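There are 2 protein chains.
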Amino acid sequence: MKEAVLRLLKKNRGAYVSGEEICKSLQVTRTAIWKHIQALREDGYEIEARPRVGYQLTGTPDRLNPEEIREGLSTRIMGQNKIFYYSTISSTNKIAQEEGQRGCAEGTLVVAEEQTGGRGRLGRVWSSPRYKGIFLSLVLRPLVNPAQVAQVTMVASVALAMAIRTETGVVAGIKWPNDLLAHGKKVCGISADLNAEMDRVNYLVLGAGINANQQPEDFPVELRDTATSLKIETGRRVDRAKLTRACLESFEHWYTLWLDGGFGTVLSSWKEMSVSLNCPVRIHTLNKSWEGWAEDIDVDGALLLRLPNGEMQRLVSGEVSLRLT
Amino acid sequence: MKEAVLRLLKKNRGAYVSGEEICKSLQVTRTAIWKHIQALREDGYEIEARPRVGYQLTGTPDRLNPEEIREGLSTRIMGQNKIFYYSTISSTNKIAQEEGQRGCAEGTLVVAEEQTGGRGRLGRVWSSPRYKGIFLSLVLRPLVNPAQVAQVTMVASVALAMAIRTETGVVAGIKWPNDLLAHGKKVCGISADLNAEMDRVNYLVLGAGINANQQPEDFPVELRDTATSLKIETGRRVDRAKLTRACLESFEHWYTLWLDGGFGTVLSSWKEMSVSLNCPVRIHTLNKSWEGWAEDIDVDGALLLRLPNGEMQRLVSGEVSLRLT
Numbered sequence: 001m002k003e004a005v006l007r008l009l010k011k012n013r014g015a016y017v018s019g020e021e022i023c024k025s026l027q028v029t030r031t032a033i034w035k036h037i038q039a040l041r042e043d044g045y046e047i048e049a050r051p052r053v054g055y056q057l058t059g060t061p062d063r064l065n066p067e068e069i070r071e072g073l074s075t076r077i078m079g080q081n082k083i084f085y086y087s088t089i090s091s092t093n094k095i096a097q098e099e100g101q102r103g104c105a106e107g108t109l110v111v112a113e114e115q116t117g118g119r120g121r122l123g124r125v126w127s128s129p130r131y132k133g134i135f136l137s138l139v140l141r142p143l144v145n146p147a148q149v150a151q152v153t154m155v156a157s158v159a160l161a162m163a164i165r166t167e168t169g170v171v172a173g174i175k176w177p178n179d180l181l182a183h184g185k186k187v188c189g190i191s192a193d194l195n196a197e198m199d200r201v202n203y204l205v206l207g208a209g210i211n212a213n214q215q216p217e218d219f220p221v222e223l224r225d226t227a228t229s230l231k232i233e234t235g236r237r238v239d240r241a242k243l244t245r246a247c248l249e250s251f252e253h254w255y256t257l258w259l260d261g262g263f264g265t266v267l268s269s270w271k272e273m274s275v276s277l278n279c280p281v282r283i284h285t286l287n288k289s290w291e292g293w294a295e296d297i298d299v300d301g302a303l304l305l306r307l308p309n310g311e312m313q314r315l316v317s318g319e320v321s322l323r324l325t
Numbered sequence: 001m002k003e004a005v006l007r008l009l010k011k012n013r014g015a016y017v018s019g020e021e022i023c024k025s026l027q028v029t030r031t032a033i034w035k036h037i038q039a040l041r042e043d044g045y046e047i048e049a050r051p052r053v054g055y056q057l058t059g060t061p062d063r064l065n066p067e068e069i070r071e072g073l074s075t076r077i078m079g080q081n082k083i084f085y086y087s088t089i090s091s092t093n094k095i096a097q098e099e100g101q102r103g104c105a106e107g108t109l110v111v112a113e114e115q116t117g118g119r120g121r122l123g124r125v126w127s128s129p130r131y132k133g134i135f136l137s138l139v140l141r142p143l144v145n146p147a148q149v150a151q152v153t154m155v156a157s158v159a160l161a162m163a164i165r166t167e168t169g170v171v172a173g174i175k176w177p178n179d180l181l182a183h184g185k186k187v188c189g190i191s192a193d194l195n196a197e198m199d200r201v202n203y204l205v206l207g208a209g210i211n212a213n214q215q216p217e218d219f220p221v222e223l224r225d226t227a228t229s230l231k232i233e234t235g236r237r238v239d240r241a242k243l244t245r246a247c248l249e250s251f252e253h254w255y256t257l258w259l260d261g262g263f264g265t266v267l268s269s270w271k272e273m274s275v276s277l278n279c280p281v282r283i284h285t286l287n288k289s290w291e292g293w294a295e296d297i298d299v300d301g302a303l304l305l306r307l308p309n310g311e312m313q314r315l316v317s318g319e320v321s322l323r324l325t
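Protein chains in written order, with full-length UniProt numbering: chain F, 1 to 325; chain A, 1 to 325.
One or more hints might be untrue.
Since the list gives no way to pick one copy over another, a pair counts as held whenever it fits inside one copy or between any two copies.
[Claimed, not checked] Here are the computed lysine-lysine pairs in the DSSO-like style, where the Cα-Cα straight-line distance is at most 30 Å:
1) 132 <-> 242
2) 271 <-> 242
3) 10 <-> 24
Honestly, the hints are just simulated from the structure, not real lab data. In this text, all values refer to a predicted model and were calculated from it rather than measured experimentally.
Turn these sequences into a full structure, and let the hints guide you.
Rendered as structure tokens:
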């Protein structure tokens with residue numbers, strides 16, 4: 001109902017809507033409307049109320065709440081089911097995993113304005129001041145086996161890089177397996193949590209942390225050399241809700257393409273956008289470090305690393321450092 | 001304490017142990033001992049009590065309770081942590097997953113005498129009359145990435161086939177990826193449930209269902225042509241607790257070998273024991289059926305299927321039917 005009131009006010013942006021009109025079209029009492037107006041104000045919406053005239057929306061907060069995300073969202077699945085919204089949360093992936101376990105539908109979305117327990121790959125802490133980043137997790141249920149799951153994060157890398165390019169003009173390159181870089185600095189991290197049997201995925205939680213409106217001082221000192229934000233790159237504030245919609249739409253497009261047509265199309269786009277192919281790299285895996293030439297990506301997403309002795313090493317996961325030669 | 005009383009009685013098998021002796025060596029009251037004796041009787045132990053003489057163990061039930069499994073178990077990890085024991089449970093894997101989620105140590109074991117909600121691969125129901133089969137799940141925390149997990153079930157296939165051969169003389173062959181067959185009929189099924197991030201496994205639950213003492217009539221009609229038990233194969237009753245120990249010991253051996261030395265050793269043993277290599281097969285995957293010649297197993301456990309048109313197809317999971325030519 002709060003959402004319906006907001007929709008009415010938005011439709012009449014720049015003008016007053018009378019209390020009577022709202023009452024009629026939503027079939028609620030004046031008191032109920034007043035309560036919803038108050039709730040919207042608490043959410044950060046600026047609403048002017050004039051006696052005997054009505055209400056006018058004069059300011060929309062920079063928020064990732066369901067109302068803002070859903071406004072004009074053109075997906076069929078992603079974000080069209082439940083949206084769980086938190087102003088602060090330890091980890092959106094954790095919440096999404098719990099919902100996945102409970103059997104929620106594909107496309108269920110968890111969003112947060114701040115993430116306190118967020119981890120990057122290999123368990124690293126990921127910085128996240130409130131209202132500056134975008135933290136979201138999607139519950140997916142692809143009919144694939146666990147070994148194909150690395151492909152989903154590559155699908156997401158392509159999709160999010162595309163959305164970022166279109167929305168902000170920032171040309172984000174992909175660093176294998178799933179970081180997005182702008183001018184060599186991390187602007188988006190993608191992670192996945194998997195619950196599976198041998199033959200099939202039960203659910204998969206795809207998480208993304210996008211550095212949208214951070215200033216350099218918003219990053220912890222140890223990350224300042226390696227992290228950037230879209231605002232730092234462009235000098236312009238990002239409309240986070242709009243970018244979130246673009247990400248959901250782009251991801252749905254590429255995810256569907258992958259499910260229907262296999263990894264081929266995605267892989268060739270991934271390669272085009274890659275900044276960690278055909279160059280010398282150092283790669284840290286769970287228990288070993290490798291150096292070599294990043295020669296190609298295998299059909300299943302594995303990195304093919306040409307070792308100094310000429311042998312080819314297949315790596316399915318790891319942390320890449322681009323070696324400056 | 002109940003376990004300590006049982007150990008004392010077992011140590012003195014064939015003789016009476018006086019109440020006084022038990023009291024002294026365990027530092028408990030006569031009343032406490034009586035309670036433990038009663039509890040043991042409820043568990044199926046036959047214990048004679050003679051006034052002024054003492055207690056004697058005259059019969060041990062065919063049970064998979066922690067006391068029976070631990071007696072003489074020579075592992076370091078598997079089954080040495082907590083053992084969760086159920087006379088009937090929907091699924092041991094489910095319980096083990098919950099414990100895994102709670103952070104239990106590696107080697108935590110869940111055993112059941114009967115499994116009502118057991119599923120085989122691809123969600124099939126798996127038959128399990130009480131006290132006849134062996135149903136166990138182990139929580140594992142290998143430092144590997146999700147793509148390597150198929151290897152664990154292959155490690156388990158080799159380990160359990162070996163244990164079954166040693167304990168019962170039944171030469172169980174492995175059908176890719178992880179069924180054990182005796183004379184072409186299923187005698188053991190192995191499954192795995194996985195919880196992982198992109199780069200590493202959080203926990204993995206390895207489950208095994210062994211047909212130990214079932215008679216043909218214990219299987220549902222639709223399984224009688226395709227399932228057998230160790231008792232049917234040998235004509236002899238299996239000591240289920242002893243076989244369980246052998247499985248845990250054998251698995252620990254092969255699992256350690258795999259962690260330390262990689263998949264090579266395991267793979268060559270797997271190939272030797274395979275009954276689904278170098279033969280024509282039909283393979284059902286999640287969304288497709290394949291026919292061809294099962295030519296080899298890849299280093300990561302994938303089946304290499306030679307298609308009629310000469311092409312090689314890599315399959316990471318699926319259900320194999322051996323084609324009779």
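We went through each hint and held it up to the structure:
1. Proximity of residue 132 and residue 242 under a CA criterion of 30 Å is satisfied intra-copy only: 14 Å inside one chain copy versus 60 Å between copies.
2. Taking CA atoms no more than 30 Å apart as the test, residue 271 paired with residue 242 passes inside one copy only; the shortest distance there is 27 Å, against 55 Å between copies.
3. Only within a single protomer do residue 10 and residue 24 lie at most 30 Å apart by alpha-carbon distance; the minimum there is 17 Å, versus 83 Å between protomers.
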